[in-house]
Amino acid sequence: MPDELTPKPGEARPGTDSGLAGAEIEPILTVPPVVGAPKPHPILVVDDLTRSFGGLRAVDVDHLEVERGVVTALIGPNGAGKTTLFNQLTGFDRADTGRWSFDGQPVSSPSPDQLARKGMIRTFQLTKSLAKLSVLDNVLLGAPGQVGERLSAAPFRSRWQGQEEANVEQAEELLHRFNLAHMRDELAGTLSGGQRKLLEVARALMADPVMIMLDEPMAGVNPALAQSLMRHITELAFEGLTVVFIEHAMDVVTGISDWVVVLAQGRIIAEGPPWKVIHDDEVIDAYLGRRRAGAGS
Amino acid sequence: MAFDIIFGNAARAAFGPEAVILALAAVGLNVHFGFTGLLNFGQVGFLLLGAYGTSVSVATFGWSLWVGILVGLVLSVALAVAFGLPTLRLHVVMFAIVTIAAAEIIRILIGSTDAIGLTGGPLSVSFDAEAFYDLNPYPDGPHDRYGVGTFEFTGQQMWVITVGWVLVALVSLVVFLIVRSPWGRVLKSIREDEDATRSLGKNVFSYKMQALIIGGVIGGMGGVVDAIKTSGADPNGFRPQVTFFAYTALLLGGAATYVGPILGAILFWFLREWIESFLRQLSAEAWLPSTVADFLDGAEGVISVAMVGLSLVLLMLFRPQGITGSRTEMQLDAR
Ligand SMILES: Nc1ncnc2c1ncn2[C@@H]1O[C@H](COP(=O)(O)OP(=O)(O)OP(=O)(O)O)[C@@H](O)[C@H]1O
Ligand SMILES: [Mg+2]
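Sequence order for the protein chains is A and B. Taking the working numbering, the leading residue of the first sequence gets 1, the next gets one more, and so forth. Taking the working numbering, the leading residue of the second sequence gets 1, the next gets one more, and so forth.
For the record, the hints were derived by calculation from the structure and aren't laboratory data. Quick caveat: nothing in here was measured; it's all calculated off a predicted structure. Heads up, some of the hints might be wrong.
Unchecked claim - Derived BS3-like pairs: lysine-lysine, alpha-carbon spacing no greater than 27 Å straight-line: (1) A:276 <-> B:188; (2) A:132 <-> A:276; (3) A:39 <-> A:118; (4) A:118 <-> B:188.
Unchecked claim - To be clear about the criterion: a stretch of chain B counts as covered by chain A if any three or more of its residues have a C-beta under 8 Å from a C-beta of chain A, and this derived list gives those stretches: (5) 182–188; (6) 191–200.
Positions of the beta carbon are idealized from the N, C-alpha and C atoms, including for glycine.
Here chain A stands alone, though its shape is the one from the complex (with noise of 0.2 Å):
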């Protein structure tokens, strides 16, 4: 169902600070690198959040903060809970134990499909293509708010065409600029695994959203086209969309984000700047699979 909360394209974001992008000094910058760090203007904060299978505690986060308009980079070896966590925000898992709120308000009874319709739109690691159907229909049907997904306005052309027309004009900018514009009306099915990747970030991108959440949506991606789809995400965290990335590649990571939280055993064993966190003792030693003593408890 549409939601008339969803600002339309070029309208200001509720909640979103116009002078923040853009100000002399990023406020994040000024956050101090320790875990749970409160942020200046978060979007996202978690407290006390589990997820456990069987006798793995896949998820234990105490607090996490997320802040507005910058790019988050989520890290950690395989296995370390980030997918998992990603599930919990979004309504897809049931979480054990705990509370977040999303743009000021509290989330009670997590449901993917209302989270989203508030702006907080996640991709998949494993991507969902809609085979079936072509690739210009795959992203259009990320636009929010299309009254023809009404079935008491769905039979009757003209009350949707236009704001049909408009989304695939939209829809074939987001395909141009992820060099999908030559697959515009094949199945999305036909697609290579790389392409999938990029379809589903532009999917995501047209749901308009006020937080994106990709899971590792350059795996697979060609460096070239990886560089340029990064490039296109740190522009529209400028615009004021708060982005959060899984991601195993350090270089990507140094490259794009302006805050990086580290998991390891479903704990956040740091955040901070990415200069700072790469050179993380801990950190280096999750990487490296070494545990020191005590950590993870």
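Take the given structure of chain A and dock chain B with the ligands to it, following the hints.
Frame of chain A; chain B with the ligands shown alone:
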């Protein structure tokens, strides 16, 4: 051999009321399975409620036929909600099991001796559909026939099938209009990947429920046509195979297309009746060895259904997308 008689029988079946009923069942199923990916194995339940809602309203409660039709359709909606509320959030396989079981439970309850007072139980129910036939514009004398050669109908039959096919056309038009819209795009996305659809802010449960109701009511219309055509309803007419015949028609014609289910229903009845008539004629031929003739005698109906099944197997091998489906879409399933 009298091929003109065989052809006449087949053509009458292909365009007769049975094909109308099957077409409606298949068009509804197409909304469920073809467009939304809902594996509904209880489509016959909607036909049953459409037919019994109409029949019982008129026969037991003495209401007018038009009220009866409305009752039949409302019951179809109720069944969709009852199917959907507890199961649409579950896995597709769960949904399939629940639907097939629920439809069969309803049939057994309606056909039980305890229900004789209400539904006629195992004795079936019958009523007078004159309110419908009063509107018949076709002269219906004992010698009035419509058609060419062996392919001909009586005036009453003409009236049923005219209304029936117009109904099929109207319903298909509505399905076309709503499915080619952004609403239909959401349905197809749900078929492809529920979680992806959810992640873009669509209330998947609500869309599935809408699809279930729409397809169910279309199936219910099939039941209404059945009730009017037979002037009643019999529990034996609503066994689970009706659902599978509807799937056969849908897959023959091509799922997720607009004319596929209609074409499939016509073809299904043409093939079935052609084979059955052919076998009947054959077993009457004098030159057949008596063992073969004895084997065929009385088994024509069963064999013809088996042959339709065989043709479906062949179709899946050589043209898995059905007659009107798209080959490229089908090939994606292999990826
Ligand atoms: N549905 C599940 N059932 C059981 N265990 C699970 C489930 N989902 C995740 N896990 C476990 O939780 C842990 C965290 O998994 P998760 O997918 O969140 O890791 P990740 O940080 O995303 O890793 P990667 O970088 O490899 O994607 C793993 O040990 C995994 O085996
Ligand atoms: Mg992961």
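Okay, the hints, checked on the actual structure:
{"no.": "1", "hint": "A:276 <-> B:188", "in the structure": "violated (47 Å)"}
{"no.": "2", "hint": "A:132 <-> A:276", "in the structure": "violated (46 Å)"}
{"no.": "3", "hint": "A:39 <-> A:118", "in the structure": "holds (21 Å)"}
{"no.": "4", "hint": "A:118 <-> B:188", "in the structure": "holds (23 Å)"}
{"no.": "5", "hint": "182–188", "in the structure": "holds (count 6)"}
{"no.": "6", "hint": "191–200", "in the structure": "holds (count 9)"}
When each numbered hint is compared with the structure, violations occur for hints 1 and 2.
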